[in-house]
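Trainee: Starting from the given sequences, assemble the full structure and let the hints guide the process.
Heads up: the sequence lines are chains A and B, in that order.
Just so you know, the numbering used here puts 586 at position 268 of the first sequence, and the rest follows in order with no gaps.
Just so you know, the numbering used here puts 791 at position 473 of the second sequence, and the rest follows in order with no gaps.
Hints listed in this document are in silico derivations from the structure and should not be mistaken for laboratory results.
Mixed in with the good hints there might be a few duds.
The list treats identical chains as one, so a pair stands whether inside a single copy or across any two.
Result set (EDC-like, lysine to aspartate or glutamate): computed pairs, CA atoms no more than 20 Å apart in a straight line [claimed, not checked]:
#1 Lys608 to Glu643
#2 Lys608 to Asp331
#3 Lys493 to Asp527
#4 Lys350 to Asp401
#5 Lys763 to Asp377
#6 Lys763 to Glu325
#7 Lys501 to Asp490
#8 Lys608 to Asp377
#9 Lys763 to Asp659
#10 Lys333 to Asp646
#11 Lys724 to Asp783
#12 Lys350 to Glu336
#13 Lys763 to Asp541
#14 Lys608 to Glu697
#15 Lys763 to Asp656
#16 Lys350 to Asp740
#17 Lys333 to Asp490
#18 Lys612 to Asp740
#19 Lys763 to Glu551
One-letter residues, chain by chain:
Number of protein chains: 2
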Amino acid sequence: MNQPWEELIVALDGKGLERLQQAAVSALSSLKRPTGPRSNITPTELHELIWSTPICTEDGNSLEQVLTEFGENVWSNSVVPFDPGCVAHLHPPTLLPSIVTELTVAVMNQSMDSWDQAPAATEVELHLMAWLASLMGMPLSGSGVMTSGGTASNLLGLTLARSFAGSQLGVDVLKRGNPEQAKHWRILCSDQAHFSIQRAAAQLGLGRDAVVTIPTSASGAMDIAALDRRISELEAQSATGIAIVGTAGTTDLGVIDPLDEIAERARSINAWFHVDAAVAGAYLISDQLKPMLKGIENADSVTIDFHKLWFQPFNASALVVKDVERFDLLRVKSNYLDRGDEIEGMTNLVGRSLDTSRRFDAAKVVAALRVLGRVSLGEMVERVVSLSSYAAAKIEASAQLVLLAKPTGAMCVFCAEGFTSDDLRRVQQSLLMRGEMVLGRTEIKGEAALKFTFMNPLATEEDIDRLIGLVINELQAS
Amino acid sequence: MNQPWEELIVALDGKGLERLQQAAVSALSSLKRPTGPRSNITPTELHELIWSTPICTEDGNSLEQVLTEFGENVWSNSVVPFDPGCVAHLHPPTLLPSIVTELTVAVMNQSMDSWDQAPAATEVELHLMAWLASLMGMPLSGSGVMTSGGTASNLLGLTLARSFAGSQLGVDVLKRGNPEQAKHWRILCSDQAHFSIQRAAAQLGLGRDAVVTIPTSASGAMDIAALDRRISELEAQSATGIAIVGTAGTTDLGVIDPLDEIAERARSINAWFHVDAAVAGAYLISDQLKPMLKGIENADSVTIDFHKLWFQPFNASALVVKDVERFDLLRVKSNYLDRGDEIEGMTNLVGRSLDTSRRFDAAKVVAALRVLGRVSLGEMVERVVSLSSYAAAKIEASAQLVLLAKPTGAMCVFCAEGFTSDDLRRVQQSLLMRGEMVLGRTEIKGEAALKFTFMNPLATEEDIDRLIGLVINELQAS
Chain A
319 MNQPWEELIV
329 ALDGKGLERL
339 QQAAVSALSS
349 LKRPTGPRSN
359 ITPTELHELI
369 WSTPICTEDG
379 NSLEQVLTEF
389 GENVWSNSVV
399 PFDPGCVAHL
409 HPPTLLPSIV
419 TELTVAVMNQ
429 SMDSWDQAPA
439 ATEVELHLMA
449 WLASLMGMPL
459 SGSGVMTSGG
469 TASNLLGLTL
479 ARSFAGSQLG
489 VDVLKRGNPE
499 QAKHWRILCS
509 DQAHFSIQRA
519 AAQLGLGRDA
529 VVTIPTSASG
539 AMDIAALDRR
549 ISELEAQSAT
559 GIAIVGTAGT
569 TDLGVIDPLD
579 EIAERARSIN
589 AWFHVDAAVA
599 GAYLISDQLK
609 PMLKGIENAD
619 SVTIDFHKLW
629 FQPFNASALV
639 VKDVERFDLL
649 RVKSNYLDRG
659 DEIEGMTNLV
669 GRSLDTSRRF
679 DAAKVVAALR
689 VLGRVSLGEM
699 VERVVSLSSY
709 AAAKIEASAQ
719 LVLLAKPTGA
729 MCVFCAEGFT
739 SDDLRRVQQS
749 LLMRGEMVLG
759 RTEIKGEAAL
769 KFTFMNPLAT
779 EEDIDRLIGL
789 VINELQAS
Chain B
319 MNQPWEELIV
329 ALDGKGLERL
339 QQAAVSALSS
349 LKRPTGPRSN
359 ITPTELHELI
369 WSTPICTEDG
379 NSLEQVLTEF
389 GENVWSNSVV
399 PFDPGCVAHL
409 HPPTLLPSIV
419 TELTVAVMNQ
429 SMDSWDQAPA
439 ATEVELHLMA
449 WLASLMGMPL
459 SGSGVMTSGG
469 TASNLLGLTL
479 ARSFAGSQLG
489 VDVLKRGNPE
499 QAKHWRILCS
509 DQAHFSIQRA
519 AAQLGLGRDA
529 VVTIPTSASG
539 AMDIAALDRR
549 ISELEAQSAT
559 GIAIVGTAGT
569 TDLGVIDPLD
579 EIAERARSIN
589 AWFHVDAAVA
599 GAYLISDQLK
609 PMLKGIENAD
619 SVTIDFHKLW
629 FQPFNASALV
639 VKDVERFDLL
649 RVKSNYLDRG
659 DEIEGMTNLV
669 GRSLDTSRRF
679 DAAKVVAALR
689 VLGRVSLGEM
699 VERVVSLSSY
709 AAAKIEASAQ
719 LVLLAKPTGA
729 MCVFCAEGFT
739 SDDLRRVQQS
749 LLMRGEMVLG
759 RTEIKGEAAL
769 KFTFMNPLAT
779 EEDIDRLIGL
789 VINELQAS
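Mentor: Put into structure tokens, the structure is as follows:
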């Protein structure tokens, strides 16, 4: 029989705790994974399977039954980010301390918008943000806020940039809307920047066309001479660069723009300097890799994705600012939430966020950092970078594959001599459909490419040899 | 000794599963809650306590130690949404099936942006969205996407509205930016609409000033005669109402605007009709309450917050559209993610979202709906509404308190005869500081008010008597 709803509401008394623990153990036991990185079900079969179970019946079902269904239908047809063959995206295996902290977060269900919905959680998030800012070398005024992802962090950073540009003209953009001059506002980034920069410009009413992309040099990093030319051209056109975005870890090549030089250019034209470090932000934790991020301390705002190379479950991103007062550009009072007459020491984080209700995502990040410590986490990041170097060497040595760039991060892009874009697509899709590999596919300078993204520090050199072998076999079969 | 990082990466083999289960049980055991809805620690003491534990040491710590710290420092100083004295906000106690599903979500870590990061999860989300649209009475073309919260859902709905307005002029707003005419664009909503409507207008570059608020009648619902007058005035000023927002459940009073009549006005001026049903959307599940939402089926887009009266852990919100093709207004291709050359049947949800990487939040919602069933969930929603009616009757009968509106939902607002705004603030803050009650405080038509928000179906009439008694005592002591 099904449980009455009274027993399904969370409680922490003796019986409530016991029920939670039993259910948690059952839920974990019910997890079924495909043997490889994915099952071989087709999209159409999967659609039929999932849609054949009703979302909501009149009378419900036992928890055991529902967990079993999820195991058999959903999880066994999911991709497995902790399988060495899952190498398409920046899609990490997650960490034990983070996973179990998620469980406690769901029990306690704090909401980060106001202190009276998250008193201790607010301080944990503020502490994490201060630590992160200091890790970047920012002054004590550095702080930040958690967001749902890199796209949201970039949007928040550029929202602040737009308000900053408005404030220079004496216009409160959030109140009055984009001023007349906004049609001349430009956001500069490299041609390898993430598409969320364009999306942010679109959201902000500036339009994707307001994004000026600067060519990259052979390495894939922003070409500073080209940036200088573009800045001069904009001046000649009476256009205003309101923000320059430096990318710390491009999506396909993992390349880091020359942040110090961009910072200087931003300062010289009084533009906001935003760094999108979603991909390479985790280098901060490694003595070996951190020097690559030199200059990040000069950014006005920085995007960090904990759900990439910090191995956190989604969602866990942050927007860090060098000067916490910059959030004043954003703050709106509300009658019921952030009234401005709170008791000394109560921070309502809604004042620095584009969200209102918001999950306590900082908890899992802090739990993982506390358990692992800096040295271990740094080793994990270094490990995936070294796997990518290993793959690159193997690809360079292969007769069939062509390495497209020497990797600097966890990604490794390549194509195959004599094979077309369609061939590469077929290889990626066949491996995906048979459930043998979740391989990445992209374009590098307009040319089709395949991509490995190594996110699993437990993957071995033998795993990589096997993956490369699978790609070569599939090319030969195509 | 601390575990090597190799053992902290998720795995589902025998040893990995055992480690996960043990850690989950420990994590739940480590949860410490304050005896009441909150501890009595001051903000300053709490700051010092939380900041005294370093975020990240060189060598890490045992999982047990970190869980214990969280229990003692964080959870025991959190608010307790499942305590009957936690009545400030739309901040629910969560459900067992959802909580343990969160655990599995963190293990499997699907990312909803692309099919190859979430094949089954994509179908689950699509299925849930179709069910939700059909529950509203929308045609088969109805669908949607999960977002991080009501604020994000409202932003997405109004982003579509802005693109729709642009498309009428032949302008691709996302590409070109807000056109010249945008300075005459207006978003109409009632003066009780949530502040996220203003924030959306601000994000979109229209500015908060572009939001025209329509007065509400005595009940707190949008005054349709006033709407008609405002529409005529806008026409006379050559301004364009690009969207009308109907609120289904205002934040303070829970009032539902006359959706049918607003739908008709929106149609007549060719404006987008968005319904913010974050608060009252759960009425859809109750035969008794559902009729109050009549007209919602005519909306172009609807915000539903599962993390309110559907008792889901944060984050869980949805933006539902009547016609899935409307998402075409949003879609941007990318080289590495949503290329447009995928295998038949593969949906990349990034095409309808403002996010990229995104958590599988649909899982917990579906698990709860499947376990509870419609009847039980409906009873829970009806229960909190009846608790609010009970409180209203008690307040009306009291000599000291003044009921400010007859409740239609889970909220109940009141003030006290002869007490000032400052007195009410002191009452709310004292109860919060002593950890006796997390009470709401707001303004109703410019006057200070206290607010109960009953989110716990397990709360009893005796609990409410006690809470009212506490407020009266505190008023008398002030």
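Trainee: Confirm or reject each hint.
Mentor: Status of the hints after comparison with the structure:
In this homomeric assembly, Lys608 and Glu643 never come within 20 Å of each other (Cα to Cα): the closest approach is 27 Å inside a single copy and 45 Å across copies. Neither within a single protomer nor between protomers do Lys608 and Asp331 lie at most 20 Å apart by alpha-carbon distance, with minima of 46 Å and 34 Å respectively. Taking the shortest Cα distances, Lys493 and Asp527 sit within 20 Å of each other only across copies (6 Å), while inside one copy they are farther apart (24 Å). Proximity of Lys350 and Asp401 under a CA criterion of 20 Å is satisfied intra-copy only: 13 Å inside one chain copy versus 35 Å between copies.
Neither within a single protomer nor between protomers do Lys763 and Asp377 lie at most 20 Å apart by alpha-carbon distance, with minima of 56 Å and 42 Å respectively. In this homomeric assembly, Lys763 and Glu325 never come within 20 Å of each other (Cα to Cα): the closest approach is 58 Å inside a single copy and 40 Å across copies. In this assembly of identical chains, Lys501 and Asp490 lie within 20 Å of each other by CA distance both inside one copy and across copies; the values are 16 Å within and 15 Å between. Proximity of Lys608 and Asp377 under a CA criterion of 20 Å is satisfied inter-copy only: 18 Å between copies versus 56 Å inside one chain copy.
Taking the shortest Cα distances, Lys763 and Asp659 sit within 20 Å of each other only across copies (19 Å), while inside one copy they are farther apart (54 Å). In this homomeric assembly, Lys333 and Asp646 never come within 20 Å of each other (Cα to Cα): the closest approach is 46 Å inside a single copy and 50 Å across copies. Taking identical chains as interchangeable, the C-alpha atoms of Lys724 and Asp783 lie at most 20 Å apart only when both belong to the same chain, with a minimum of 18 Å there against 70 Å between chains. In this homomeric assembly, Lys350 and Glu336 come within 20 Å of each other (Cα to Cα) only across copies, at 14 Å, whereas the closest approach inside a single copy is 24 Å.
For the identical chains of this complex, Lys763 and Asp541 are intra-copy neighbours only, at 15 Å inside a copy versus 57 Å across copies, given an alpha-carbon limit of 20 Å. In this homomeric assembly, Lys608 and Glu697 come within 20 Å of each other (Cα to Cα) only inside a single copy, at 12 Å, whereas the closest approach across copies is 55 Å. For a Cα distance limit of 20 Å, the shortest separation of Lys763 from Asp656 across copies, 17 Å, qualifies, whereas the shortest one inside one copy, 48 Å, does not. Taking CA atoms no more than 20 Å apart as the test, Lys350 paired with Asp740 passes in neither setting, with 34 Å inside one copy and 57 Å between copies.
For a Cα distance limit of 20 Å, the shortest separation of Lys333 from Asp490 qualifies neither inside one copy, at 54 Å, nor across copies, at 57 Å. In this homomeric assembly, Lys612 and Asp740 never come within 20 Å of each other (Cα to Cα): the closest approach is 40 Å inside a single copy and 51 Å across copies. In this assembly of identical chains, Lys763 and Glu551 lie within 20 Å of each other by CA distance neither inside one copy nor across copies; the values are 24 Å within and 53 Å between.
Comparing the model with each numbered hint stated earlier shows that hints 1, 2, 5, 6, 10, 16, 17, 18, 19 do not hold.
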